[in-house]
Every structure is written in structure tokens, then in C-alpha cells.
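*Asks:* Letter by letter, the chains look like this.
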Amino acid sequence: VLLALTLLVCSLAVIASGASGQRVAELPWTEGRHAVAILGTCVFMALALERFGYRLTIFVALLGLLVLLERKRWFVAAGFALGFALATFYLFNTLLRVPLPLGPFRF
Amino acid sequence: MVETLQNLSSGFATALSPAVLLYAFVGCVVGTLVGLLPGVGPLAGISLLLPATFGLSATNAIVLLAGIYYGAMYGGSTTSILMRIPGEAASVMTCIDGYAMTQKGRAGAALALSAVGSYVAGTVSVVGLMLLAPPLAEFALRFGPPENFALLVLGLLVLAYMSGGSMAKALAMAALGLLLGMVGIDTMSGFFRFHYGIVELGDGIGVVPTAVGLFGISEILLSAGKTTKTEIRTPRLRELMPSREEWRDSRGAIARGTVLGFLIGIIPGPGHVISSFVSYALERRLSKHPERFGHGAVEGVAGPEAANNSATSGAFVPMLALGLPSGAIPAIMLAAMMIHGISPGPLLIQQQPQLFWGFIASMYVGNVVLLILNLPFVGIFVNLLRIPYSFLYPSILAFATLGVYAVNNSVVDVWIMAATGLLGYVLRKFDFEIAPIVLGLVLAPMMELSFRQSLAMSAGHYGIFVTRPIAAVMLGIGLVLLLLGLRPFFAGAWGGRAANDRAPAPRQQEEESRR
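So the sequences go chain by chain: A and B.
Letter by letter, the first sequence follows residues 1 to 107 of this note's numbering.
Letter by letter, the second sequence follows residues 108 to 622 of this note's numbering.
It is worth saying that the hints were derived from the structure and are not from the lab.
All values derive from a computational prediction rather than experimental measurement.
By construction, the Cβ of each residue, glycine as well, lies at the ideal position given by its N, Cα and C atoms.
Hints may contain errors.
[Said to hold, decoys possible] If the Cβ cut is set under 8 Å, some of the chain A residues that face chain B in the computed set are:
1) E26
2) E31
3) L39
4) L49
5) E70
6) F92
7) T94
[To be verified] Covered by chain B, according to a simulated footprint, are these stretches of chain A (three or more residues, beta-carbon under 8 Å):
8) 4-17
9) 56-67
10) 79-90
11) 97-106
[Claimed, not checked] Chain A is nowhere near these chain B residues, computed Cβ spacing over 10 Å in every case:
12) V234
13) G486
14) L504
15) A525
16) H568
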């Protein structure tokens, strides 16, 4: 209750002093499209990680970001995504013994 | 004194063991990279790499993380001097005269003086840490639960006061962090609170996914989509030697920066950032030729660089002696210690002498490693800046997900990372300081425990916090800071729109460092 009251009082103070601040509409949101796509990728990874396994999830996530968002050529993006997924899996799961989820076909 | 030297020699025995030496080296290399790459600050770097330390011993983990922290201070100066891009906020001041020296063809000298200043400050301030932390811890052994509670409250208030923006915003963020810290099983009654049916929240909201989300993911969200093309210049080895005049001019600045940085670093707040600003202002004020500042004055490079490195050692004093983190980075390191089963607090030095003295000695070793890394190998590191950000940020995102998942093998942590990433992005857009959230989250269990133990001691009377002298003094100081911090708000409410005039310095620094 004490913490909730502190938060409430501070929030009211922020609102009261907010009139002199910058308006929401004036804030630049130029990175908005990228931000939505990146957050979408985070949501995808949270949903897919234990269903499809680490390697497949990371491969698809990186491929999606590089091809759809960064407009990289698909074979460059696929090579990078595959290399990253396999290399990090080998480093963490095999060498450092950090258990990472395996998807269908134990991939 | 003899005892201190004996402890230090045993610390060197630990620090010079191959494993600790290796982790100090890895930490320094990673820290230099983290400092170099714009968009990956020391906070995001440490948060992202924290899960990788879980398989290590506590000493190795702390040595690695500390290496990243002070390594980033060295690395940040390189891009500031060569390209006018501060790798992290503490290097903003180095850009001004460092880049001016580069334009005059003195890039090598600027890099050398910055590295030597950082080395001297890093080494000397470790002596301060070594001499100050044990007696402070001994004094803090007199503290009971009310004093501990008052100390934690004071720490949060000082951080909010020093944060540079609105104190109401900083306090709101600290309260939010404390509220998040209430989630999970109550340690005194065993009651499972605020879980909303999610069993994985039994241990509370994790510090790692929250820190990775708030600092790492929000940074990616803010900087993604921005393309910067910069010319990369690498000085030759023979150009690194400063002239006799440059050495002479920088000596005093390094000495003053060292003392100033250490003292500011002890105070809760972004000490490494504030100290570099104060050092620059001080050098300009003391200079006989202030007009040279902004046009390549060596004091403007050596002073702030010494100050920000010294502040990192200063920040470890309250963390190691009192278990009180002075900012978000020490808070994450404190969380790392807790993950490794080490209870932070005044008893740490007595109970874990190997960790404490090994850590101190590793900082001496780490500073030598960094001096070597940042001078002859500067060209190799600078070339890493050629990696396009469009490939870098997806890799960081994937690595963050891996790290966060690996903590508990739980997807809930990945969801927390995504949610706090969004929260951090929105809050930073609206000029809120996010460091108090992490600090609140880390301190919440300790604060709640000492608060409830105090009330148990006094049979529920709140007067215990003002009748015990040490607690009363600390809370009194906190109250004064609160009133001072909220003064612009009252002035605005009563006397027009003078409120919110406190400079939004950290935001400007962040914007500049992202550019």
C-alpha cells in the first residue's frame, strides 16, 4: 500500500508538471516501423522457442528481420541466419552445456 | 596496513591464477567492444552477458563482469576521439577535445593520454576502494534492520536526486521497481503474491530479463533503422607518443580527475557520466587558457577519461562494503552475486575474502590488460565498427533471447524481456530514467525484509525508524534531498512555469551517444 501510494503521488506530480513538457504528437517516432517489427520478432521467439526449437526459431527470426525489414538479399540473410543459429547452438549447448530447446526432429 | 597488504597478496594469488586471468582478459576485451560499439552501452552489455556467467564460479563471474564495466570506459573513448561517436554516455565529453585533436593530426596522442589517464585513474582508485571498503563494512556491521532500511531508502533517494531529470519521474520509476520486486513468494509468510496464475513467477520477476529488456531491447528499439556512415581513421603505432608539453599539461588533469571521479562514483547515481562532465568543467575553470577547450586541449581529454574510470572503482565501494548498489550496473553485478549464492552486505569481506581481494587484485591486472589492448591493438578494434548495424542488432536480439531463456529454461522470462523492452522504449521516449526500476527490483527483497524485521522489533511502531540515531540521520538526509529535488515542482506550482527546468542531461547524452 505504501509503495502504491508513493507511485500514485509521484505519477500525479509527473502529470501536474507535464503541461510544460513536450507533447506526445511532437515526439519523433521515425523508428516506429522497426520497433514494431522487432517487438513482433520477440513475441514470435517467445511463442516458437519451445515448439520449434532454438535453431529453427532463431533462423526464422533473423531471416525475417534481415529480408523483410533490412532488405538484405535472401541468400546473404539465410547464410547469416543459419550460421548464427548453428554457431551459437554449438557454442552454448554443446561446449558450454547450456540446455537449449530442441524442436521437431530434434533440430 | 600490514593486514591489507597480506590480503592483497592473497588476492593477487587468486587474480593471477590462469582461470581468473582468462576471465579478466575476456571481460576487458568484451568491455572494450561494448564501449566501442554505439548502441551497446556497458549496462546492456553486462545485462546481455550475465546469463553466460552462470556456469562460472562467483569470483570468475564478478571478475568478468567488472572487466566489461571498466573495459567499456576505455573502449568508449576510442570512437569518441577518432570518430566523434561516444560509444557510451560517459565518453561524450571526450568527443569535444579528443576529436579536435584528431583533426589536428594528434589522434595518437589523444588516444595515448586517454588510455594512460584511464590506467592511472583505474589503478589509483582501486587503492581507494581497497582502503575504504573494509572499514566502511566494519562500521556497517553495527547496522540493524532499521538502519539497513534507512540506508536503502537513502540510496534510492540519492539516485533519484542525482538522476538529472525530474525527481518525481525517477521516484515513480523506483516505486515501480519496488512494486515489481514484490511479485513472488513472500519470504516471511510463504504467501504467493501477485502471480496471476503464472507459477514461474514464484521466484519473482527476474532481474536478468528485466535488465535485458529495459536496457538491451529498448536500446535496439530506439536505434534500429538509423543508418550512419562514418569515416574510420586508425592512427599508426609511432603516432601514439604524446609530446613533452602534452604530458605536462595532462598530469594535473589526470590527478584531479582521479580524485573527483572516485568521490563522485561512491555517491549513488550515474557517477561515471557525471564525473566526466564535472571534470571537464573543472579543467576548463582551472585552465589559464580556457579558450583552448573545444579546440583540442589535452586536459579536456585526460581529465574526463581519468574521472569516468575512477568513478567505476568508486561505485564498487558501497556495493562491496554495504551491499548497496550505487547505480544500475552495480545493481546487476549485485544480482549476479546473489545468483551465485553470495549474500551482499557488510559481512561479504569477512565471509568471502577470496572473492573480495581476488576482485580487487584482478582490477589492477585488468587495467594493465586494457592499457595494452587499447594502444597497440586500437586499429583492430576500430575495424569492428565496419560491421553494419543492420546485422549487429538482429544478432544482439537473438543473443539476448538465448541468454534470458538460459537463466531458468523458461519462456516466461522471454515474455518478461519483451514486455520490459516495450516498457523501457516507451519510458525512454518520454524522458523517464529507467535505472531506478532495476535498482528498485534488486533492492525490493532486502528492503521489505529489513522493513518488516524493524516493525517486528518495535511491535509494529513506525517510530523505530526515527528513534535510532543512525537510521534517523539517514532518513533526515533523505528527506532533505526529497525536498530539494521537488523544489522546482513546488516553484512551478506556486510561481508560474519554472518547473522542469532541471536539465535533461542524461537524455541528451543518450541521444548524442546513439548518434
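*Asks:* Are the hints correct? Go through all of them and say.
*Replies:* Each hint, compared with the structure:
1. Interface hint status for E26/A: violated, as the beta-carbon distance to the closest one in chain B is roughly 11 Å, over 8 Å.
2. With a least beta-carbon distance of about 5 Å to chain B, the hint placing E31/A at the interface is held under the 8 Å criterion.
3. For the restraint placing L39/A at the interface with chain B, the shortest Cβ-Cβ distance is roughly 6 Å, inside the 8 Å limit, so the hint holds.
4. Here the hint on L49/A is kept, as its CB sits about 6 Å from the closest CB of chain B, short of 8 Å.
5. With a least beta-carbon distance of about 4 Å to chain B, the hint placing E70/A at the interface is held under the 8 Å criterion.
6. Evaluation of the F92/A hint against chain B yields a held restraint, the C-beta minimum of about 6 Å falling below 8 Å.
7. With its C-beta approaching chain B no nearer than about 13 Å, T94/A sits outside the 8 Å limit, and its interface hint is violated.
8. Remark: the stretch 4-17 of chain A is confirmed as covered by chain B, as 9 of its residues place a Cβ nearer than 8 Å to a Cβ of that chain, reaching the required three.
9. With a threshold of 8 Å between beta carbons, the proposed coverage of the stretch 56-67 of chain A by chain B holds, since 5 of its residues qualify and at least three are required.
10. Chain B is given as covering the stretch 79-90 of chain A, and this holds because 4 residues of the stretch bring a CB closer than 8 Å to a CB of that chain, at least three being needed.
11. Coverage of a stretch by a chain is defined here by at least three residues with a beta carbon nearer than 8 Å to that chain's beta carbons; for the stretch 97-106 of chain A and chain B the count is 5, and the condition holds.
12. For V234/B, the requirement that its beta carbon stay farther than 10 Å from each beta carbon of chain A is met, with the minimum near 36 Å.
13. For G486/B, the condition that its CB be more than 10 Å from all CB atoms of chain A holds, with the nearest at approximately 25 Å.
14. For L504/B, the requirement that its beta carbon stay farther than 10 Å from each beta carbon of chain A is not met, with the minimum near 7 Å.
15. Distance check on A525/B: its Cβ comes as close as 4 Å (rounded) to a Cβ of chain A, failing to clear the 10 Å threshold; non-interface status is violated.
16. Listed as a non-interface residue, H568/B keeps its Cβ farther than 10 Å from every Cβ of chain A; the least gap is roughly 15 Å.
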